[in-house]
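Peer 1: Heads up: the sequence lines are chains V and Z, in that order. Per the numbering used here, the very first residue in the first sequence carries number 1; after that it's consecutive. Per the numbering used here, the very first residue in the second sequence carries number 319; after that it's consecutive.
Hints are computed from structural coordinates only; laboratory data are not their basis. Note that the coordinates shown come from a computational prediction; the quantities given were computed from them, not determined experimentally. Take the hints with a grain of salt, since some may be wrong.
Unchecked claim - Label pairs and their computed distance ranges (CB to CB):
1. 546(Z) x 312(V): 54 to 60 Å
2. 49(V) x 549(Z): 51 to 57 Å
3. 62(V) x 364(Z): 46 to 52 Å
4. 545(Z) x 42(V): 54 to 60 Å
5. 312(V) x 545(Z): 56 to 62 Å
6. 383(Z) x 53(V): 37 to 43 Å
7. 315(V) x 424(Z): 43 to 49 Å
8. 306(V) x 378(Z): 43 to 49 Å
To be verified - Pulled from the structure, derived: some chain V residues nowhere near chain Z, Cβ distances all over 12 Å:
9. 26
10. 34
11. 45
12. 47
13. 50
14. 63
15. 219
16. 259
17. 295
18. 303
19. 308
20. 312
As the list claims (entries may be wrong) - A few chain Z positions that, by computed beta-carbon distances, are all more than 12 Å from chain V:
21. 351
22. 472
23. 585
The C-beta atom is built at its ideal place from N, Cα and C for all residues, glycine as well.
Number of protein chains: 2
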Amino acid sequence: MRILVTGGAGFVGSHLVRRLVGEGHTVLALDSLLTGSWENIDDLSDHPHVTRLHQDVVHPYELGALDRIYNLACPASPPRYQAHRVHTTLTSVLGTLHALTAGASCGARVLQASTSEVYGDPEVHPQREDYRGAVSSTGPRACYDEGKRCAETLCADFHRERGLDVRIVRIFNTYGPAMDPDDGRVVSNFVRQALSGKALTIYGDGTQTRSLCYVDDLIDGLIGAMERAQTPEPINLGNPAELTVRDIAEQILALTGGGRVVHLPLPADDPKRRRPDIARAHALFGFSPRVPLAEGLPRTIDYFRRRLAREASRGVAE
Amino acid sequence: MRILVTGGAGFVGSHLVRRLVGEGHTVLALDSLLTGSWENIDDLSDHPHVTRLHQDVVHPYELGALDRIYNLACPASPPRYQAHRVHTTLTSVLGTLHALTAGASCGARVLQASTSEVYGDPEVHPQREDYRGAVSSTGPRACYDEGKRCAETLCADFHRERGLDVRIVRIFNTYGPAMDPDDGRVVSNFVRQALSGKALTIYGDGTQTRSLCYVDDLIDGLIGAMERAQTPEPINLGNPAELTVRDIAEQILALTGGGRVVHLPLPADDPKRRRPDIARAHALFGFSPRVPLAEGLPRTIDYFRRRLAREASRGVAE
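Using the sequences and the accompanying hints, generate a full structural model.
Peer 2: Set out below in structure tokens:
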């Protein structure tokens, strides 16, 4: 198949491109490089079935006949998506519009990478797909949350109005190699701090929870949803194992050889708890994350070690 | 002042244009005429301070220096906004983006007409502005609700990122002359049915409530918010008097001389109850609706009588 991956140079996108190429497909990896980097797929730089396209999805594109479109393009961490808020919203809304338009023009199936952030700071746990969320439409995270909600709406309505074959997946916290060390999220913050010999920063008292999915499991979920889900309804993808931020800090300290934690105030609109109900994904295509934190964390720490060393040798790290 | 009113040929927009012109301002009334009609301001067709612009706000525009922009353009009733769902979402998102861009380019203050629909089918009553709502991002009303939520986000972020002076008002049910008789909403449905000698259609058992604001009161609120609110935070505008749909039917039957009601099933996602908490608007600029239903309904029925007679004489009504 000929497959477009927008955000193909990003954290999740780079893993997806590699998997799809490995399965024998021809892949167009499109990225604005605002938060992604071709370094994430530099092992594929001479691969005959991979094409790199430097393009911002807020602008329309024309790429000929495609079989599948994975629309992953969007800054996904608060410090990144809050750097240019209006642009973040337009990346979600117009980026999705352009992916859907491209899909409609050639009959390609389109998968939209939505997010657990559409649930905002949820009042119910775990979150099922029919939970409507608790999002502030004008708060500091709204540029991402509302942009992604509106993108889901466009997907649902391209299906209703034009019969487009769409999939919507809501991705919960994901970690693994190729993460942005500066994304400000819990695993990257902690690993980076631990490897630099700094104290691990816990916002609030550390009892807020995260459910962390290793990226290989997520890629299984993305491809499963695309090829076997057969529904335009949203599908949660994540690992329902719930860990406190304090637990995560302690595991990382144990793996990296010690250190300590410091506490800072909780930022506005930081979700206190988030955990996916993945019954729908399990029923539709047998989704079941397999990689435990004890296996995923060492691989991630390894990646960070190599990356920080590379940055240090270039003189860009501390 | 030189003032742009997008949606200036619509129900609320036409009243606003008339009021602003009456106050001595120069007004540009911009409308796509998809749901609005210049007939709504035909009394101003030769007015030297009114300019009509036929333009769809999904496309950018350039209108020179402006002092105020009221962004009212969007189909606002379910049968209208569901007729072209993707276009409705883009009207909210891109229409607001273009109004904000126009405002930023000349330093104009921008008021965004948001809606009580951002609360979805609310679980708390009355609705305060800090209630986050219960909206389905993929349901049949999402094209309007999520488009309007995302538009609020763009307003908040133009204020954050570019210091733009913005106002966001959330408009609850409004009625009065110039309503679209085919908008499918409770007052127009009932009045039209009563004047045609048909049974009044109540969806569900009629115990769901609506709070109805007469359009003159709403115009007071729009201008109050624009000129005196001094906050980018959302502000509810509506009449908190809560009436059951059954009550409204009975008042209309009494004013039009009788008839009966029939019951039909409640449509998906129809809000069961909605009532504004207007404490913020009252505190900021003394907002307090004055026109009771007993005064507003007869004026509205009068308008419908004249309009239906005009349509009949043209041979377009039943």
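Peer 1: Now tell me if each hint is right for this structure.
Peer 2: Evaluated hints:
Hint check: residue 546(Z) to residue 312(V), Cβ distance near 57 Å, so the stated range 54 to 60 Å holds. Restraint check, residue 49(V) to residue 549(Z): a C-beta distance of roughly 55 Å satisfies the suggested window 51 to 57 Å. The given range of 46 to 52 Å is respected by residue 62(V) and residue 364(Z), whose C-beta atoms sit roughly 47 Å from each other. Range check, residue 545(Z) to residue 42(V): about 57 Å between beta-carbon atoms, so the 54 to 60 Å window is met.
Take residue 312(V) and residue 545(Z): their Cβ atoms lie about 57 Å apart, and the range 56 to 62 Å holds. For residue 383(Z) and residue 53(V), the hinted distance range of 37 to 43 Å is satisfied, since their beta carbons lie about 40 Å from each other. For residue 315(V) paired with residue 424(Z), a C-beta distance near 45 Å keeps the hint of 43 to 49 Å intact. Between residue 306(V) and residue 378(Z), the C-beta spacing of about 46 Å keeps the proposed range 43 to 49 Å intact.
The Cβ of residue 26(V) sits about 29 Å from the closest Cβ of chain Z, beyond the 12 Å cut-off, so the non-interface label holds. Listed as a non-interface residue, residue 34(V) keeps its Cβ farther than 12 Å from every Cβ of chain Z; the least gap is roughly 16 Å. For residue 45(V), the requirement that its beta carbon stay farther than 12 Å from each beta carbon of chain Z is met, with the minimum near 36 Å. Here residue 47(V) stays apart from chain Z, with its beta-carbon at least about 36 Å from theirs, past the 12 Å limit.
Residue 50(V), annotated as away from the interface, keeps every beta carbon of chain Z farther than 12 Å; the closest lies near 32 Å. Residue 63(V), annotated as away from the interface, keeps every beta carbon of chain Z farther than 12 Å; the closest lies near 21 Å. Remark: the non-interface label on residue 219(V) is consistent with the geometry, its nearest Cβ contact in chain Z lying 24 Å away (cut-off 12 Å). No beta-carbon of chain Z comes within 12 Å of the beta-carbon of residue 259(V); the shortest separation is about 36 Å.
For residue 295(V), the non-interface assignment is confirmed: its Cβ lies about 34 Å from the closest Cβ of chain Z, beyond the 12 Å cut-off. In this structure residue 303(V) is separated from chain Z by more than 12 Å, as the shortest Cβ-Cβ distance comes to about 33 Å. Taking the minimum C-beta to C-beta distance to chain Z, about 32 Å, the non-interface status of residue 308(V) holds against the 12 Å cut. Remark: the non-interface label on residue 312(V) is consistent with the geometry, its nearest Cβ contact in chain Z lying 34 Å away (cut-off 12 Å).
Its beta-carbon lying about 22 Å from the closest one in chain V, residue 351(Z) satisfies the requirement of being farther than 12 Å from that chain. Distance to chain V contradicts residue 472(Z) as a non-interface residue, since its nearest Cβ pair spans about 6 Å, not more than 12 Å. Against the 12 Å criterion, residue 585(Z) stays outside the reach of chain V, whose nearest CB is about 15 Å from its own CB.
Taken one by one, the earlier hints fail for this structure only at number 22.
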